[in-house]
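Asker: Here is what each chain is made of, one letter per residue.
There are 2 protein chains.
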Amino acid sequence: MTTDWLDKVRWDANGLVPVIAQEAGSNDVLMFAWMNREALRLTVEHRRAVYFSRSRNKLWFKGEESGHVQHVHEIRLDCDEDVVLLKVEQVSGIACHTGRHACFFQKFEGTAEAGEWVTVEPVLKDPDAIYK
Amino acid sequence: MTTDWLDKVRWDANGLVPVIAQEAGSNDVLMFAWMNREALRLTVEHRRAVYFSRSRNKLWFKGEESGHVQHVHEIRLDCDEDVVLLKVEQVSGIACHTGRHACFFQKFEGTAEAGEWVTVEPVLKDPDAIYK
Numbered sequence: 009m010t011t012d013w014l015d016k017v018r019w020d021a022n023g024l025v026p027v028i029a030q031e032a033g034s035n036d037v038l039m040f041a042w043m044n045r046e047a048l049r050l051t052v053e054h055r056r057a058v059y060f061s062r063s064r065n066k067l068w069f070k071g072e073e074s075g076h077v078q079h080v081h082e083i084r085l086d087c088d089e090d091v092v093l094l095k096v097e098q099v100s101g102i103a104c105h106t107g108r109h110a111c112f113f114q115k116f117e118g119t120a121e122a123g124e125w126v127t128v129e130p131v132l133k134d135p136d137a138i139y140k
Numbered sequence: 009m010t011t012d013w014l015d016k017v018r019w020d021a022n023g024l025v026p027v028i029a030q031e032a033g034s035n036d037v038l039m040f041a042w043m044n045r046e047a048l049r050l051t052v053e054h055r056r057a058v059y060f061s062r063s064r065n066k067l068w069f070k071g072e073e074s075g076h077v078q079h080v081h082e083i084r085l086d087c088d089e090d091v092v093l094l095k096v097e098q099v100s101g102i103a104c105h106t107g108r109h110a111c112f113f114q115k116f117e118g119t120a121e122a123g124e125w126v127t128v129e130p131v132l133k134d135p136d137a138i139y140k
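Protein sequence lines, in the order shown, are assigned to chains A and B.
The numbering used here puts the first residue of the first sequence at 9, with every later residue one more than the last.
The numbering used here puts the first residue of the second sequence at 9, with every later residue one more than the last.
Worth flagging that the hints you see were computed from the coordinates, not collected in a lab.
Glycine included, C-beta positions come from ideal geometry on N, C-alpha and C.
Among the hints, erroneous ones may be present.
[To be verified] The calculated label-pair distances, taken between Cβ atoms and stated as ranges, are:
no.	chain 1	residue 1	chain 2	residue 2	range
1	B	Val131	A	Glu124	40 to 46 Å
2	A	Val99	B	Asn35	18 to 24 Å
3	A	Glu46	B	Tyr139	34 to 40 Å
4	B	Thr11	A	Glu53	44 to 50 Å
[Said to hold, decoys possible] Computed footprint of chain A on chain B, listed as stretches where at least three residues anywhere in the stretch have a Cβ under 8 Å from a Cβ of chain A:
no.	stretch
5	15-28
6	31-40
7	82-89
8	92-106
9	112-123
[Stated by the list, open to error] In silico DSBU-like cross-links for lysine-lysine, where the CA-CA straight-line distance does not exceed 30 Å:
no.	chain 1	residue 1	chain 2	residue 2
10	A	Lys133	A	Lys115
11	B	Lys16	B	Lys133
12	B	Lys115	A	Lys16
13	B	Lys66	B	Lys16
14	B	Lys133	B	Lys66
15	A	Lys66	A	Lys16
16	A	Lys66	B	Lys115
17	B	Lys133	A	Lys115
18	A	Lys16	B	Lys66
19	B	Lys133	A	Lys16
20	B	Lys115	B	Lys133
21	A	Lys140	A	Lys66
22	A	Lys66	B	Lys16
23	B	Lys16	A	Lys115
24	A	Lys133	A	Lys66
25	A	Lys133	B	Lys16
Please construct the entire structure, taking both the sequences and the accompanying hints into account.
Answerer: Rendered as structure tokens:
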């Protein structure tokens, strides 16, 4: 049993690595999160995204409450070995806790002197109905 | 002159925010980097990606040495206001310093017990020819 592949990842000072979740097929960037060593190991083992919640300071099995599980099709590591990219199948098509497809729903409009972030993506499902 | 939009970003303890660069059109995730407040402001102003290099501790005008500039088509902010997504046109089609299209060229293969990262993307241009 060798976990050399886990040693190859350059974990940061907190033992974490940033993770980008991208939807297989559409290639949409769904969300961004963090993993620790155990989260990445579990992700590979179960082929479902497991993150590490920095706010709750514990493993976060994506979809455990919402049912919005991410089935992992592919895992990539970047040139510096310090960022992970997941290609996932997003159950229900909703990755964001706001009930939207993806987390990046605020678009910059304007100029550096007078800019604003505008919400440009619809809520697909009421969060109250997701998190009962 | 209002820069409220810059205040809306939740900069981390080091004054940085993680940034994902995605290719407009293909939707490929090209790279991951960081920005400070000035980098994001300059990115909006010039419509070219400007990052903050943590290793060199200074602004990094993407493409300043390589010529592989990223023209910014769109800027998105996530639900927690602490991650930025850029949609860019990648000059030359090469985003990675290794001379590859994107930085995520190492693919996980195997199992949790016996896994490895395998390079699956070609070098499009010799880095020695990029950085003279």
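Asker: State for each hint whether it applies.
Answerer: Hints versus structure:
Between B:Val131 and A:Glu124 the CB atoms are about 41 Å apart, so this pair conforms to the stated range of 40 to 46 Å. A beta carbon spacing of about 20 Å between A:Val99 and B:Asn35 agrees with the range 18 to 24 Å that was offered as a hint. In this structure, A:Glu46 and B:Tyr139 meet the distance hint of 34 to 40 Å, their C-beta atoms being roughly 38 Å apart. With their beta carbons about 46 Å apart, B:Thr11 and A:Glu53 fall inside the hinted range of 44 to 50 Å.
Three residues within the 8 Å Cβ limit are the bar, and the stretch 15-28 of chain B against chain A gives 3, so the coverage statement holds. As drawn, the stretch 31-40 of chain B meets chain A at 6 residues by the rule of a beta-carbon pair under 8 Å; at three or more, the given contact holds. Requiring three or more residues with a Cβ within less than 8 Å of a Cβ of chain A, the coverage given for the stretch 82-89 of chain B holds, as 8 such residues are present. For the stretch 92-106 of chain B, the assignment as covered by chain A holds, since 4 residues bring a beta-carbon within under 8 Å of that chain's beta-carbons and 3 suffice.
For a cut-off of 8 Å, the count of residues in the stretch 112-123 of chain B with a CB near a CB of chain A stands at 11, and the three-residue condition holds. Straight-line distance between C-alpha atoms of A:Lys133 and A:Lys115 comes to about 20 Å, which keeps the hinted pair within the 30 Å bound. At most 30 Å may separate the alpha-carbon atoms for a hinted pair to count; B:Lys16 and B:Lys133 exceed this at roughly 39 Å. For the proposed pair B:Lys115 and A:Lys16, the alpha carbon gap of about 13 Å is at most 30 Å, so the pair holds.
Taking the CA atoms of B:Lys66 and B:Lys16, the gap is about 23 Å. The hint holds against a cut of 30 Å. The straight-line distance between the Cα atoms of B:Lys133 and B:Lys66 is roughly 26 Å, inside the 30 Å bound, and the hint therefore holds. Restraint check for A:Lys66 and A:Lys16: satisfied, since their Cα atoms lie roughly 23 Å apart, inside the 30 Å limit. For the given pair, A:Lys66 sits about 26 Å from B:Lys115 by alpha-carbon distance, which is consistent with the 30 Å threshold.
Taking the CA atoms of B:Lys133 and A:Lys115, the gap is near 34 Å; set against the 30 Å cutoff, the hint is violated. Annotation: proposed proximity of A:Lys16 to B:Lys66 holds, straight-line Cα distance about 27 Å (limit 30 Å). A threshold of 30 Å between alpha carbons decides the hint, and for B:Lys133 with A:Lys16 the separation of about 25 Å falls inside it, so the pair holds. The straight-line distance between the Cα atoms of B:Lys115 and B:Lys133 is roughly 20 Å, inside the 30 Å bound, and the hint therefore holds.
For the hint pairing A:Lys140 with A:Lys66, the CA-to-CA distance comes to about 21 Å; that is within 30 Å, so the pair holds. Our distance criterion of 30 Å between C-alpha atoms is met by A:Lys66 and B:Lys16, whose separation comes to about 27 Å. The suggested pairing of B:Lys16 with A:Lys115 holds, with an alpha-carbon distance near 13 Å, which does not exceed 30 Å. For a cut-off of 30 Å, the pair hint linking A:Lys133 to A:Lys66 stands: about 26 Å separates their Cα positions.
Between the alpha carbons of A:Lys133 and B:Lys16 the distance comes to roughly 25 Å, so the proposed pair stays at or under 30 Å and holds.
When held up to the earlier numbered hints, the structure conflicts with 11, 17 and fits the remainder.
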